[in-house]
Structure formats: C-alpha cells, structure tokens
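Asks: Spelled out, the chains give:
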Amino acid sequence: MIFLVNGSEKEQYSYYINTMHRIRAEVFHERLQWEVNVKNGLEIDRFDEFNPLYLLSIDEETGRIRGSARLLPTTGPNMLRDVFPTLLPDNEVVESALIWESSRFSMEPGAETPLPGQLVSQVTAELIAGICEVGLIAGLTDVVSVFDARMVRIMRASGSPATIIGRPHRIGAFMTYAGLFEVSEAALANIRSATGLEGSVLERQSVTRCLAA
Amino acid sequence: MYIKRLNTDLEEDALLTMIDRVDAIKKNNEIHKALIEMKDRYSLRNAAYMGYNMGSLTQAEPYASVTYSEEWVNQYREKSYLDIDPVLRAVQKSILPIDWQSFDISNPKVRRFFNEAKDAGVGRNGISIPVRGRNGDSGIFSITTNAKDADWVQFKRQYMRDFQVLAVHFHQSVLIANNVIQPVFKLSTREVEVLYWTACGKTGEEAALILGISKRGVRFHVCNIMHKLNCTNVTHAVAKALYFNLIKPPK
Chain W
1 MIFLVNGSEK EQYSYYINTM HRIRAEVFHE RLQWEVNVKN GLEIDRFDEF
51 NPLYLLSIDE ETGRIRGSAR LLPTTGPNML RDVFPTLLPD NEVVESALIW
101 ESSRFSMEPG AETPLPGQLV SQVTAELIAG ICEVGLIAGL TDVVSVFDAR
151 MVRIMRASGS PATIIGRPHR IGAFMTYAGL FEVSEAALAN IRSATGLEGS
201 VLERQSVTRC LAA
Chain X
1001 MYIKRLNTDL EEDALLTMID RVDAIKKNNE IHKALIEMKD RYSLRNAAYM
1051 GYNMGSLTQA EPYASVTYSE EWVNQYREKS YLDIDPVLRA VQKSILPIDW
1101 QSFDISNPKV RRFFNEAKDA GVGRNGISIP VRGRNGDSGI FSITTNAKDA
1151 DWVQFKRQYM RDFQVLAVHF HQSVLIANNV IQPVFKLSTR EVEVLYWTAC
1201 GKTGEEAALI LGISKRGVRF HVCNIMHKLN CTNVTHAVAK ALYFNLIKPP
1251 K
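Protein chains in written order, with my numbering: chain W, 1 to 213; chain X, 1001 to 1251.
None of these hints come from the bench; they were simulated from the model.
Just so you know, nobody snuck in bad clues.
Below, a list of computed lysine-lysine pairs in the DSSO-like style, where the Cα atoms sit at most 27 Å apart:
1) X:K1093 <-> W:K10
2) X:K1026 <-> X:K1240
3) X:K1228 <-> X:K1027
4) X:K1248 <-> X:K1202
5) X:K1093 <-> W:K39
6) X:K1109 <-> W:K10
7) X:K1240 <-> X:K1186
8) X:K1148 <-> X:K1118
9) W:K39 <-> W:K10
All values derive from a computational prediction rather than experimental measurement.
Make a model of the complete structure from these sequences and hints.
Replies: Below, the structure written as structure tokens:
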C-alpha cells in the first residue's frame, strides 16, 4: 500500500519520514556507496526542502515503511537540472508542467526480493504503480528519473520500460542514465499485468488528505 | 455549452492558441485579458492566477489576477479571506492539483466559505493547480465551471493537462511582464549552428550543405528557432539571438 505524504507535513508524520530517511541512508550510502550526506543515520538532501511529494510503501500487516520514492515538478528545483545536467545534450532541459521527476527510489534490504513466480517485489511494484497513479491524478504525460543499470532492469520487469534520453554517463562507479516513463491508463495497465497488482495501490485517506491538505 | 466541445479535436487548438497568447504577454494588464480569453475558449465560469515569492512584486500581498465578480473580490478583501481560504492553504502544501470537491465541508467555516463563493458566482466546481518556479517562486492557478458532477469528471479528465500547461505559462508571463525575470531563450546546439550560418549570410541550402543536413531539416530548425524566440521572421531571430548572445557574431 502506498501512503502519500507532502514534504510540508514532515512534522506531522515524522516517524514515517525519519524511517524513510534511514532506509535511504542504508541504500544510497551503505549499499550503493553514493556520495550522499548522512547525518545521525538519516540521508537528507536539499531537494527534501522543496516540499516534494513522498510515496511511502507500507507493509499492510506490520504497518512498517519498507520503501519510498520522491516526486518533484521539473518546473522547480530538481536533480536532473541541478545535479545531473551532463546527462542531457547541450542546452537541453526537461522542464515541463507535464513531467515530474522521481528520485531516491529505495527500499529496505530484502524488500527488493521478488516472491517466487514474480519478476519484481511487492514494494517495487507498489512504488512504480503508485508513481504512475499519482501522475494520472496530476495529468502528467511522463515521469523523468536519473538511475543506474539496476533500475533499468527493474523498470523493464515492472512493465514500465524507460525511454533513455540524452547520453549515459559514468558517475562514480556507476553508469547513470536519464529516462522517461510514460504516464497513461495504458501504462498503468501494463504495470499491473506485469506485476500482478489489482486495483489502486494508493491508500485512499492519504490521497484525500494530500488533495485537500 | 462546454459539453458540445467534448470528444471533438478542437481542444488542441484552444491549448495551442492560448499558449501563444500567454507567451506573447509583455505587459501586466494583458494577463487579465488572457485569463478572460481562456475562460471563453474553454467555456469556463472563472479563472484565477495568484503568485507568491516573486520578490518585491509580492512583498505586501500575493500577485493576483482573477475573472471573479467584483462582488466576490470585495467580499474576499473585506472578510480577509486570504487568511482562511482553504484552497490557498492546501495548494501551498502540496504539488498535486486540488479539486475543490475534496475539501471537507463538515467544517462549518469551510462550508460557509464555499457557499458564499457559489452565491457570488465563482462556479459550481473548481480545480486549483500549484506551480513551482525555478527560484522559489510559486503560483496557484484555478479554473471553475458550472458543470454538473458527472460532466465535471469528464471535463477534468479531458483538460487537466491543458490547465497544468497553461498554469506554468501564466506563471512565467506574470514574472516576465512584471520584470521579475528576464525572458530566457535556450537554443539547441543544432539550432545555434543553423542560426549562425544564417547570420553569416548563407542561404538555407548553403547552411544545409555546411551542416550536412537536408534543406527540410534547416527549415525545421528555423521554424523552431522563431517559435522559441517569439520572432516573426529570420532577420528578427538573428537580431534577437545576437542581442542575447545566443550565437557568436558572424565573421
């Protein structure tokens, strides 16, 4: 289940938000060894200050946060423009009312392992379907993201293949890509049939709350 | 009236026409005119734009341009609704567009606000779209209709993207018309090359030969350049590109 939280609500949902930052530290700092800032075991960057929309994957049985993704409009500050402009050819920018950026896609250790017979894990499937569903609510055409080869495979297995834009770049130890994911009813149907999800993954009350905070 | 237009392909024209109108805005009083034109083209009841964090322009109060009745604007001012308007509060908290129907009207204050708005002819239903700008500036773009609920759902599905796009264009034009930012022109590498050789006096055919692309390709780039720079002909585009340092001066 995907629980939506606005960045502006981080005090209200501090337990959830802190868990998310802790998982992000484990994934990006410890496991992937990206150059990210970790303080007190929490990975927080400057884009968290720009009131993003967080998608939190919650285990329905335990109520625990297992993974998250972050959405930011490309008309405002975002990672592709402000951190990774080298991924796009000269003077090309992704700046559109109909494209949001997804970043910090991550989940706790073990949550990325698919159940037998599945191509991707429940948490992965929920986050990807959740991003597409939120995009439909907002009227988006695409979601753009900066990611590595591992994510390319995950996205493909989730029925949501990326269109690589610009040129791949080696950043640190990783080949890094900028990719576009389609947002449409058809794209959502593809994700659902590839992952076995049925119906909306969004937690109703959190959607209502975010739509009328 | 708007019903007639559903399931036709007129809407694309409305969007493209409106984008051109909004992008051509140079003076502040043209913002209001463009809102009215959009209202008519989409058969809306009302349209409104509010801007925040735009430096000195919004120091005292947010920038506002609305098509609402004078009655509602006065009432809104007199009762200081700027402080309690649930739409403004919600939109500043989130990046998601907000349908006014999702507000909890069990709260008597909220209910009274929306009833008064309805009585003042604001519209039967509405949606507000948050805009995020490059420099911490933000905006709220709202449209309303008098559509019945079922038609409203359909209307939203059909036009949400149009209004998301127009919201950003209005925001940008408010910034430019009030000199908060200078217009930014960005040309691709190929466009710069095409325009440079044009500035050097080469014909389209010669530029195509030099760059190893087709004549059609050159024409395509020139069209894009004129659109990006908001120019009416190539001479105009060359002059503007030189002025803004987009191309180096010809040898």
